[in-house]
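Got chain A; can you put chain B on it based on the hints?
Protein chains: 2
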Amino acid sequence: MNKPEKLSDAQRSTALAELTAHGWQVGEDRDAISKTFTFGDFNEAFGWMTRVALIAEHMNHHPEWSNVYKTVKVTLSTHDVGGLSALDIAMATKMDRLAG
Amino acid sequence: MNKPEKLSDAQRSTALAELTAHGWQVGEDRDAISKTFTFGDFNEAFGWMTRVALIAEHMNHHPEWSNVYKTVKVTLSTHDVGGLSALDIAMATKMDRLAG
Numbered sequence: 102m103n104k105p106e107k108l109s110d111a112q113r114s115t116a117l118a119e120l121t122a123h124g125w126q127v128g129e130d131r132d133a134i135s136k137t138f139t140f141g142d143f144n145e146a147f148g149w150m151t152r153v154a155l156i157a158e159h160m161n162h163h164p165e166w167s168n169v170y171k172t173v174k175v176t177l178s179t180h181d182v183g184g185l186s187a188l189d190i191a192m193a194t195k196m197d198r199l200a201g
Numbered sequence: 102m103n104k105p106e107k108l109s110d111a112q113r114s115t116a117l118a119e120l121t122a123h124g125w126q127v128g129e130d131r132d133a134i135s136k137t138f139t140f141g142d143f144n145e146a147f148g149w150m151t152r153v154a155l156i157a158e159h160m161n162h163h164p165e166w167s168n169v170y171k172t173v174k175v176t177l178s179t180h181d182v183g184g185l186s187a188l189d190i191a192m193a194t195k196m197d198r199l200a201g
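Top line first, the protein sequences correspond to chains A and B.
The numbering of the first sequence is the numbering used here, which starts it at 102 and goes up by one.
The numbering of the second sequence is the numbering used here, which starts it at 102 and goes up by one.
Treat the hints as calculated values from the structure; they're not laboratory data.
Certain hints may be false.
The list treats identical chains as one, so a pair stands whether inside a single copy or across any two.
Claimed, not checked - Calculated cross-link-like contacts (lysine-lysine; reagent style PhoX-like; alpha-carbon spacing at most 25 Å):
no. : residue 1 : residue 2
1   : Lys-171   : Lys-104
2   : Lys-136   : Lys-171
3   : Lys-107   : Lys-195
4   : Lys-107   : Lys-171
5   : Lys-136   : Lys-174
6   : Lys-195   : Lys-171
7   : Lys-174   : Lys-107
8   : Lys-104   : Lys-195
9   : Lys-136   : Lys-195
10  : Lys-107   : Lys-136
Bound-form chain A, shown alone (with noise of 0.2 Å):
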């Protein structure tokens, strides 16, 4: 995989758009991006967990996150760039499309 770069204004205005259309918040005093998913109950939330964990060995890119219960909050910004990259628009999609 390619080193990750920070996003160009151009890139980061068209993605940004359409995730936050979907849920998805840009950070105040970081340059970041979050989201809380709910799910039925704890083994749902844990199984796409589970999915999203396996994605993100994958793409060696790994979320921040807490889980209580049913629920999941997701945080992603790449430590390499010191904020938003590809990686984390990426793995946001990837988020929403297993949560269906």
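Chain B only, in chain A's frame:
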């Protein structure tokens, strides 16, 4: 499984003496215990979470937890009793054992 009950003062002090010796901290603003587990990498951290998740489903007692790469911060408390119960002590002990 029996309905959980809040720990008595005696049960509490015995259990907490043991757990705080293993790195658990008692909540300052709520009746809960917390610990941050650090693993070798994401694979180990999420592998541990998966084993804990299966136990949590079996016990019908779920942690609040957050994961950032190789660290997992856990908080345990029993919603139904508004504080610590024997379920939290049992879960904390299992988590420590699985973390090795």
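Quiz item: What hint numbers does the structure not satisfy?
Solution: Violated hints: none at all, because every hint is consistent with the structure.
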